[in-house]
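Participant: Single-letter residue listing:
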Amino acid sequence: TQLLEQSPQFLSIQEGENLTVYCNSSSVFSSLQWYRQEPGEGPVLLVTVVTGGEVKKLKRLTFQFGDARKDSSLHITAAQPGDTGLYLCAGTNIGSSNTGKLIFGQGTTLQVKP
Amino acid sequence: KAGVTQTPRYLIKTRGQQVTLSCSPISGHRSVSWYQQTPGQGLQFLFEYFSETQRNKGNFPGRFSGRQFSNSRSEMNVSTLELGDSALYLCASSLERGRTEAFFGQGTRLTVV
Numbered sequence: 001t002q003l004l005e006q007s008p009q010f011l012s013i014q015e016g017e018n019l020t021v022y023c024n025s026s027s028v029f030s031s032l033q034w035y036r037q038e039p040g041e042g043p044v045l046l047v048t049v050v051t052g053g054e055v056k057k058l059k060r061l062t063f064q065f066g067d068a069r070k071d072s073s074l075h076i077t078a079a080q081p082g083d084t085g086l087y088l089c090a091g092t093n094i095g096s097s098n099t100g101k102l103i104f105g106q107g108t109t110l111q112v113k114p
Numbered sequence: 001k002a003g004v005t006q007t008p009r010y011l012i013k014t015r016g017q018q019v020t021l022s023c024s025p026i027s028g029h030r031s032v033s034w035y036q037q038t039p040g041q042g043l044q045f046l047f048e049y050f051s052e053t054q055r056n057k058g059n060f061p062g063r064f065s066g067r068q069f070s071n072s073r074s075e076m077n078v079s080t081l082e083l084g085d086s087a088l089y090l091c092a093s094s095l096e097r098g099r100t101e102a103f104f105g106q107g108t109r110l111t112v113v
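Same order as they appear, the protein sequences are chains D and L.
Per the numbering used here, the very first residue in the first sequence carries number 1; after that it's consecutive.
Per the numbering used here, the very first residue in the second sequence carries number 1; after that it's consecutive.
If you are wondering where the hints come from, they were derived from the structure by calculation, not from laboratory data.
Note that this is a predicted model, so its numbers are computed, not measured.
Every residue gets a Cβ at the ideal spot worked out from N, C-alpha and C, and that includes glycine.
Honestly, I wouldn't trust all of these hints.
[As the list claims (entries may be wrong)] Okay, the calculated bits of chain D under chain L, using three or more residues with CB under 8 angstroms as the criterion:
{"hint": "1", "region": "34–45"}
{"hint": "2", "region": "100–114"}
[To be verified] Take a look, some chain D residues computed to stay more than 10 angstroms from chain L by CB distance:
{"hint": "3", "residue": "11"}
{"hint": "4", "residue": "53"}
{"hint": "5", "residue": "55"}
{"hint": "6", "residue": "57"}
Start from the sequences, fold in the hints, and give me the full structure.
Facilitator: In structure tokens, the structure reads:
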């Protein structure tokens with residue numbers, strides 16, 4: 001069974017602090033995505049990384065895909081209360097049988113206090 | 001462009017009943033996938049449909065089924081509901097098979113009592 005281990009599971013920080021969320025696996029992924037989900041809503045796609053070593057920035061969020069395409073990280077600089085939510089990493093394993101199937105990490109619940 | 005639309009948003013059913021959930025993908029998207037989200041298991045893949053055919057299936061019992069229509073709209077059905085089927089059911093659409101970006105609807109919150 002392919003798994004994505006996400007850490008930490010919970011994070012409570014003060015506004016202005018920096019944080020990093022990690023997503024690790026023993027499997028190679030053809031792509032990896034990060035989502036943010038608010039209570040009662042569906043996940044909203046933040047970014048997709050495809051190439052090993054790739055780094056993408058979205059305002060204060062920086063996403064990195066590991067060189068071996070087995071891990072990824074999300075770094076938030078100067079967190080704001082509006083960043084509060086559940087952050088999910090999700091990947092697609094290599095192989096035609098895995099097409100269309102996203103494997104999700106368990107998620108990181110982030111709370112940013114004013 | 002409208003996003004993924006799921007109906008109904010909330011549903012309460014009794015054990016043993018069956019339920020049908022609906023998903024309208026983003027216009028032009030041809031691939032639809034379904035996921036179950038629970039606090040204990042997180043998001044788990046149910047199945048994927050493309051061109052009206054189920055292309056991939058997760059590890060769920062046969063009580064969970066689905067279909068896709070020629071306009072790419074999809075439905076999923078759960079028969080003989082159990083308490084453990086209570087969950088947020090999410091539909092995601094993608095432009096084509098193999099495209100990495102999946103866009104999710106708001107989900108249907110199913111409660112089985």
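Participant: So which of those numbered hints doesn't the model satisfy?
Facilitator: Every hint satisfied by this model.
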